[in-house]
Structure formats: structure tokens, C-alpha cells
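Enquirer: Line by line, the protein sequences are chains A and B. For the first sequence, position 319 matches number 319 in our numbering, and the numbering has no gaps at all. For the second sequence, position 44 matches number 44 in our numbering, and the numbering has no gaps at all.
Don't read these hints as lab results, they were simulated from the structure. Check the hints yourself; a few may be wrong.
[What the hints assert, rightly or not] Just the calculated beta-carbon pair ranges, DEER-fashion:
no., chain 1, residue 1, chain 2, residue 2, range
1, A, Ala110, B, Gln187, 12 to 22 Å
2, A, Arg106, B, Val21, 31 to 41 Å
3, B, Val28, A, Tyr38, 23 to 33 Å
4, B, Gly70, A, Phe246, 41 to 51 Å
5, B, Ala38, A, Gln300, 14 to 24 Å
6, A, Ala110, B, Ser437, 33 to 43 Å
7, A, Arg106, B, Pro186, 17 to 27 Å
8, B, Ser437, A, Asp304, 34 to 44 Å
9, A, Arg228, B, Arg3, 19 to 29 Å
10, A, Phe329, B, Lys69, 50 to 60 Å
11, A, Tyr38, B, Pro310, 53 to 63 Å
12, A, Ala110, B, Gly81, 24 to 34 Å
13, B, Pro475, A, Ala112, 29 to 39 Å
Glycine is no exception: its CB is placed at the ideal position from the N, C-alpha and C atoms.
Spelled out from the first residue to the last, the chains are:
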Amino acid sequence: MSVAAPSQATPAVRQRTRRNVELFLLFLAWGLGVLGAYQVSWATGEPLHPRFWLTAGIVGGIALTTHVMVRWRAPYADPFMLPIATVLTILGLVAIYRLDVAALQRAERAEAPLPTPDVYNQLTWYAIAAVLFILVLVFLRDHRVLQRYTYTAGLIGLILLVLPLAPIIGATVNGATLWVRIGGLTFQPAELAKILLTIFFAGYLVVHRDSLAVVRTKFLGIGFPRARDLGPILVAWGVSLGILVFERDLGTSLLFFGLFVCLLYIATQRKSWLFLGALLFAGGAVLAYLLFGHVRTRVQIWLDPFAYSDAGGYQIVQSLYGFANGGLFGAGLGRGYPELVPFANTDFILAALGEELGLAGVVAVILLYAVLIERGLRTAVAVRDPFGQLLAAGLSITLAIQVFVIIGGVTRLIPLTGLTTPFLSYGGSSLVANWIIVAILLVISHQARKPAVASTAAPSGDAATQVFRR
Amino acid sequence: MIRSIRRIGYVFGILLLALLVNITYVQVFVADDYRSRADNRRVILDEYGRQRGPILTGPEPIALSEETKGALRYLRVYPEGPMYAPVTGFYSIVYGATGLERTENDVLTGSSDLFFVDRLQQLIAGRQPRGGAVTTTIDAAAQSAAWEGLSGTSGAVVAIEPTTGRILASVQSPSFDPNLLSSHQPQQIREYYEELLDDPSQPLLNRPIVALNPPGSTFKLVTAAAALASGEFTLDSVLPGPAEYDLPLSSRTIRNWTGEECGPNGEVTLIEALAISCNTAFAWLGNELGDDALRAQAEAFGFDTAFEIPLRASTSRFPESPDPPQTALSAIGQFDVRATALQMAMVAAGIGNNGVVMEPYLVQEIRAPNLAILRTTDPVIFDTAMTPQDARQLQEMMVAVVERGTAGILQGITDAEGRPVPVGAKTGTAQTGNDRSPVAWMVAMAPATNPRVAVAVVVEDGGLAEVSGNALAGPIARAVIEAILQ
Numbered sequence: 001m002s003v004a005a006p007s008q009a010t011p012a013v014r015q016r017t018r019r020n021v022e023l024f025l026l027f028l029a030w031g032l033g034v035l036g037a038y039q040v041s042w043a044t045g046e047p048l049h050p051r052f053w054l055t056a057g058i059v060g061g062i063a064l065t066t067h068v069m070v071r072w073r074a075p076y077a078d079p080f081m082l083p084i085a086t087v088l089t090i091l092g093l094v095a096i097y098r099l100d101v102a103a104l105q106r107a108e109r110a111e112a113p114l115p116t117p118d119v120y121n122q123l124t125w126y127a128i129a130a131v132l133f134i135l136v137l138v139f140l141r142d143h144r145v146l147q148r149y150t151y152t153a154g155l156i157g158l159i160l161l162v163l164p165l166a167p168i169i170g171a172t173v174n175g176a177t178l179w180v181r182i183g184g185l186t187f188q189p190a191e192l193a194k195i196l197l198t199i200f201f202a203g204y205l206v207v208h209r210d211s212l213a214v215v216r217t218k219f220l221g222i223g224f225p226r227a228r229d230l231g232p233i234l235v236a237w238g239v240s241l242g243i244l245v246f247e248r249d250l251g252t253s254l255l256f257f258g259l260f261v262c263l264l265y266i267a268t269q270r271k272s273w274l275f276l277g278a279l280l281f282a283g284g285a286v287l288a289y290l291l292f293g294h295v296r297t298r299v300q301i302w303l304d305p306f307a308y309s310d311a312g313g314y315q316i317v318q319s320l321y322g323f324a325n326g327g328l329f330g331a332g333l334g335r336g337y338p339e340l341v342p343f344a345n346t347d348f349i350l351a352a353l354g355e356e357l358g359l360a361g362v363v364a365v366i367l368l369y370a371v372l373i374e375r376g377l378r379t380a381v382a383v384r385d386p387f388g389q390l391l392a393a394g395l396s397i398t399l400a401i402q403v404f405v406i407i408g409g410v411t412r413l414i415p416l417t418g419l420t421t422p423f424l425s426y427g428g429s430s431l432v433a434n435w436i437i438v439a440i441l442l443v444i445s446h447q448a449r450k451p452a453v454a455s456t457a458a459p460s461g462d463a464a465t466q467v468f469r470r
Numbered sequence: 001m002i003r004s005i006r007r008i009g010y011v012f013g014i015l016l017l018a019l020l021v022n023i024t025y026v027q028v029f030v031a032d033d034y035r036s037r038a039d040n041r042r043v044i045l046d047e048y049g050r051q052r053g054p055i056l057t058g059p060e061p062i063a064l065s066e067e068t069k070g071a072l073r074y075l076r077v078y079p080e081g082p083m084y085a086p087v088t089g090f091y092s093i094v095y096g097a098t099g100l101e102r103t104e105n106d107v108l109t110g111s112s113d114l115f116f117v118d119r120l121q122q123l124i125a126g127r128q129p130r131g132g133a134v135t136t137t138i139d140a141a142a143q144s145a146a147w148e149g150l151s152g153t154s155g156a157v158v159a160i161e162p163t164t165g166r167i168l169a170s171v172q173s174p175s176f177d178p179n180l181l182s183s184h185q186p187q188q189i190r191e192y193y194e195e196l197l198d199d200p201s202q203p204l205l206n207r208p209i210v211a212l213n214p215p216g217s218t219f220k221l222v223t224a225a226a227a228l229a230s231g232e233f234t235l236d237s238v239l240p241g242p243a244e245y246d247l248p249l250s251s252r253t254i255r256n257w258t259g260e261e262c263g264p265n266g267e268v269t270l271i272e273a274l275a276i277s278c279n280t281a282f283a284w285l286g287n288e289l290g291d292d293a294l295r296a297q298a299e300a301f302g303f304d305t306a307f308e309i310p311l312r313a314s315t316s317r318f319p320e321s322p323d324p325p326q327t328a329l330s331a332i333g334q335f336d337v338r339a340t341a342l343q344m345a346m347v348a349a350g351i352g353n354n355g356v357v358m359e360p361y362l363v364q365e366i367r368a369p370n371l372a373i374l375r376t377t378d379p380v381i382f383d384t385a386m387t388p389q390d391a392r393q394l395q396e397m398m399v400a401v402v403e404r405g406t407a408g409i410l411q412g413i414t415d416a417e418g419r420p421v422p423v424g425a426k427t428g429t430a431q432t433g434n435d436r437s438p439v440a441w442m443v444a445m446a447p448a449t450n451p452r453v454a455v456a457v458v459v460e461d462g463g464l465a466e467v468s469g470n471a472l473a474g475p476i477a478r479a480v481i482e483a484i485l486q
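In isolation and in its complexed conformation, chain A is listed as follows:
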């Protein structure tokens, strides 16, 4: 993670925007999607929709539009983040199309009524996500504006978190209460909440990090904070436990607590916060295991899924069989049985890809996430203002935690918790939220990398001192 600071120290040098690299990578992503759709159609013998090229054109149009907007509003932004988000979204579309075909063919053979395909819904959500992405680029010229709304964001974020518990609109799906249903539309408010709460955490910690960094007692060589500064972490812990208890959503609970602890550490540079966080997490985990049956079941299934293979472990066992069937290079798109895994197009979309694209495909996907997260953290390191640093780091960390928790879950590295796979999974809330995250990261990245020759809010001298100091 090299720092872009040296080039900023000489303002006269023109920064390369590298927008053409981005355009080229986007074209590759689009081509991959077209090839993938063709492969699925060819391998399954299911003819492509007569208006396939219209669909492919729409996807290409959306990708091109996002690129043009980046070129216009954030020309100095990182050139890799948009293509990675796009290729993952397109890969998700291909996987969802492939599962549609499987469901269609199964219905045809059984002479059952034909199911509605999901891929067009997802395509619509991609369009909506792109609109929001563009809105962020257009209206958020400078991310520091967001710091003004620290508490507003925190409040709305909290409200969104508890919204599924509200009467009438709240909805429980598959045991977890994390949905809101208004009219025919369902939405997972936690997805938006994670952005708002990241803004809140960043804004709050920028202000309070000095007091939170004060060391009172030393224990085992680690300096511990004052008792009265323990408030925020305890509140975060309590809220996370609350999500777990009332919404039965292990994944979201883990996401928020992990995010908060990481940001607390980044802001204060005190390892003691990580230590405390780990302790609280362990305590919470034990408590949850002892108190809640569903948590206990998850852990037992994780330890021995095959013992529960026709009950609660069915899904993870089928997922593992799918991965195993894929082996090194996969069965080939359209040649596996991804439909055998329940919810293959949401939580378990990676199992579908893993079966047909093999280890090679899964490694590629994980590496794409790794590069995206690394680019986000690099942005955090490169940006000059502490709020921007915390915000960029926080957004990257939400992606990282989510990727680790869900992929670790479906591959049985850790107990399974219901989280969506960013960009890949079927579902609008998740797609929209993750595209907004990329938009914010691009704005910050643009701020960090643009030449400091113009009179910006932060004089270059200030930035140089900061880089030097840290």
C-alpha cells in the first residue's frame, strides 16, 4: 500500500487519470458476461432469449454510463474499483441467469408451471444501483460534507436497523427479521444502515479519538482506556446483541460490531480496543451460544454438517458437494447442479459459481474482492483528512467483513451466518448499498488523487505534514 503523497508534493505534475484503463477493464467485464451467457445457453441447450442482445446492450449501457459519470465527476478516482464492482455484478447476473435456466428446465421436465426468471429483476436493481451510484457522484462532490451529518446518519442508521421489528411493515424471512415490506416491495434496511453507520462511526471517532486514546491503566503491556470512555464500545456491543436477539441476524450483528471495533482501533491506534473488542465478542458469542437455540444449532451444524445433512445441515452439505463437484476447473457453466443448493442465488451464489467455475473461478472472485478492499484501504491511506480516512477504511472494512463472513460460511471455514455476497447475490438492497459504497470510495479516491494545484479546502502543505507525521 504505497502512498500517493510524493506526487502530490509536486503540484505542477499532471496526475494521470487512467480512465482509459477503467474503460478497457469494463469492456472486458462486459465481454465476460456475454461469453458466460452464451456458454450457459449452449451447455444447457436452452436457447438465449430472442432479445438477448438488447439485454447485453442494456448492461453495457449501464456500465458505460457509470464510467462516463466517473470520467466527468471523479476523473482522478481509482481506475480498478468500478470495473471490479461491474464484473462481480455481471458475474452475479450470469449465475442468476444460469439458476433461472436450471429452474426452468426442471419445471419443463416435470411439466410444472414455469417459474419467473430472477435475472431481469436483478438487472433492474443493477440499473437502480447505477442511478444511485451516479447520484452520489453528482451530488457528493466532497466527502467531507458527510461529516456534518454524523448524528443524522447515526440516528437514521439506527432507525433503519430496528425498522424490521416495526409492526405491519416488518417481515420475517427464513427465521431472520431483517426485512421491510412496503406494498409489494421488500427491502433489507440493514444494508443501507451499514453505510449510514459507517459515516456516523467515522464522524464520531474523528471528534472523540483523542479522548478515547487516553491511557489510564496498563495491563500486560497494553494500555487500557478510562472506564468512562468505555461507553461507546459497550453501546455498540449492546446494539449488536440486540440485533442478534430480536432480529436473529447473526451476520449483521457481527458486521456492525466488527466494523466499530476496527474503526475504534484505527482512530485511536490503541490495540487495547481490539483486545477489548475481542473479549466482548467472545463474551457475546458464549452468551449467545448458551441462550439461543438457533445459535447453538448453527455451531453444531458447522462442527458436523453431515450429521444434520437431511435437516439443518442440508444447505451447507449441498454447498460443499457443489464445490467438490467443481474441483479445480469446475464442471463448466451450465454443466453442474447448482440448483441442488437451496437459496443458491442469494447466500449460496458462490457455491453455484464454485461448482461450475471450479477453484479457479472461486479464487478469481476472492482475489477480485481482495483487490477491491485493498484499493479501498489504499484510498483511506491516501486521502488527507482524518474523516475521509476513517470513512474510506470503514467502507472497505464493511466489504471485507461481509466477504469473509459469507464466503467463510458457505465453505465451512466458520459457522454459517446469513449475509449476502457483495455484488454477486440476488437482491436489490445489497446491490444498491454496495454500489453506493463504491461511489463514495470513488469520490474519496478522487479527492485523494487529484492534483492539489487548484485551491482545495485542504492545502497541500497540511497533507504533507500529515503523511510525514503518520
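Got chain A; can you put chain B on it based on the hints?
Expert: Showing chain B alone in chain A's frame:
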């Protein structure tokens, strides 16, 4: 804050690395374990999701895969059902596969290394490999003649082309319907299979190559070959042929099936002894030659060898160290001598092929999915059991069995042009135990001096008399020979 952001970056780097290590473990190291788990439906779906290659006899499929509407995409169908069951075997989701379905599985699924180029193309194109075709050596006319001949009885027929070892017919009765075992209804499969297992007539047994029976008088061919090979006997040698032969060291006797002397003054030539199936003469001969000579001759014809054609055949046996009375009994195919129909057909084929015994085989060629021939089986010599001179004498003796002996039913066989064809044969009847009815044999080859077919017929519920080989097994052998010659 930059330092702590980096540190957090490293932490997540390690976590993502853990994901990579774990997924490699799942997809590579334990993948085979997962694939072989009993509740993994993917394996069966995969197997039944691709079109398995056909098993052919000539151009006609005797096993093929048809597309269905069910979750399992292809159904295995056997157009001739039970007639070819001992050849094809079955292909069951419950009980696995047998017969050629089992031994040629790699070819039929397309996973054989023979298809390397095809598979490479399919890998690149991302298509499921298609299966190759297996062409059998079976002659459809001979198979169906044998099938019709056996209907209503219990027994087996094997026909071989003497010069190559190609198996022209392999039929059993009772048989089973492989269609019912290869369906997609596990319950139906289980019920039918249990029914077959409970059937005392053992329809699932691959009778032609697995069922072992005492060969009875047909084994006299082996004894006669040993006698000729000893150099002390020719077909005109005179042997003692009394009505009864006292077994040495024992109070028991061997009697002729007629109960009479085999010739005037209780003497008979070797050729006549074979023609009329003289027990006393061959029992005496057996003791003259000794069990080692008999065993060596039997082994040269294929006894004590487990043939894989590629279906695994039972090993035909000659007893290990019989005492003299047991040797006498063994020489006429009783006591502990046991042979498959395949083995006795090989004896006749070896004699007809001037003493050269060929390895029997059932697979003629293997074809790629595009029907290009990938491999043709070349005939292989198993052993030289007799000198050509001895073989010609024995051929003449076998013709005598038809012309004036116990196999009269094979007289008057003609070829396609209506010309008479000399046929050589030997009948047999053997006790299998006190409570079971004897088996009747007919072993034959034609044309006798340059045979195109050797056939062994065994009928398990044969009558008591030596004539039963002629009466029960004879017509079936005749039908098979005529099917080949005409």
C-alpha cells in the same frame, strides 16, 4: 492513522488468505471424499445426465440410452431384454452395473483414455463428454436361435468362432429383464431384484460363463486328446470296453449307460468308444494315462484359468490329486470335474482349430461417439492343446459321434448353398448330486475339419439317459450351428 489502517489491511489479508486455503482444501483435497458420499446426488445425476454409449450387436443396439422427462435425464433401455442379459448385464441406480455395462463402463461413459482427444475438445467447449459405443462379437442369428432353443428349460449356450475366440452366442435360461433393473424407480428395482434373488432357478447367475457343471461324457474329448497326445494311442487303438469296469482299490464299478459291452468280446476301438460314449473304455483309459496327463490336457484347453472376456468367467476345474478310482471317474467327466459352457465350447473350438485354443472375447470393437473405430480386439492364442495330427484324428472321431454315435440329431446339416456339412460333436449326461436332476450336454463344431462355429449347450434339467444330451441339448446346438452356417 495510516499505520493502523495498514495493520487492519494485513489482518483482512490474512483472513482472505484463510478463505483461499480453505476453499482449496474443500475443492481439491477432500473433494473426492465428498463426491463419494452416499447422499451426494450429483454423482448419480452426473452419470444419468449424460448420454451413455450404446452396446451393439452388428448395427443393432442391445443397450441404449433414451432421453426422459425425469430428473435423471437418460434411461437405459434393452430392446431385446432377457435374451442379451448375460452379455449386457444391467445398469441400476440401486445395485450398480453388471456385465458389459460394468466392464466397459469407462467406454460407455466416455471417460476412457481412448477418448482423450474427444474429451479435450469437450473440455475446451465445456460440453459433457458423450459415451463411446461397444460392439460385441455376438451373432444376432445364433443368439436368437439359442434363446428360442432354451426357452422353457434351464440351461446355457455358448458359441465360439474357433479360429478367433469370438463369442458368437451367450444365452441363458431362465434370464432376467435388465430393463426392470435399470429403470428410475428404486422401489420397483428393489422388488424385482429381491424376486430374482429368491428364485431357486437363479436367473441372475450368468450361466454361460459362471455356472459350473460336471461335463460328463463331453469330457471324454479331453481324455481322448490326452490319449492321442501320449503317443500310445490312435483312433484305431483297441481298448477294453466291458459292460462294467471295476474301479481299482474299490468295490464300486462303472457301468455303461446301455448296460452292455461296448463291442464284441468287450473290446472297442478308441473312435467307436467315443462314438457310442463307452464309459468303461474311457475310465480304463483315464487310469492308463494318469491324472497328471489328464489335468495337463484339461489345462491346455483352459481349465484352471479364470478368463476375462472381459466379464469374469468361473474357473473350470479338474480335481487336484484324485486316487485311481477318482481318476477313472474324472476321465468320464464325473467326480469333481466342473466346467462352464464357455469352457466346453473352447474344447470343441480348440479341436476344430487344429489344436490351437484361442482366448475367448466378447468385445469386437470400441467406437468413439462419432462412431470412428478406436480399438479392435485382435485374436490371441491361449495355448496349443494338441498337435494338428492329433487334432485331425479327434475331429474324425467327433464326426463319428454324429454319423453313427450318440449325436445323430446333428446329421444332415447343410450350409447356405444346401451342401451337406460334416459336423463333429460329443454328448454328455452328468449327475450333479443326489437331489438334483442330471445335466445334459451337447458340444459340437462345424464344419468338422475347418469349423466356423463351436457350440456348447448345457440343459440343467436333463433326463437320466445318455440320449438326453442328444434329445434335449442337440436341437439347440443344431439350431445355433444352422444359424451360423446359413
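Enquirer: Return the numbers of the hints above that this structure violates; sort them in rising order.
Expert: Violated hints (numbers, rising): 6, 8, 10, 11 and 13; every other hint is consistent with the structure.
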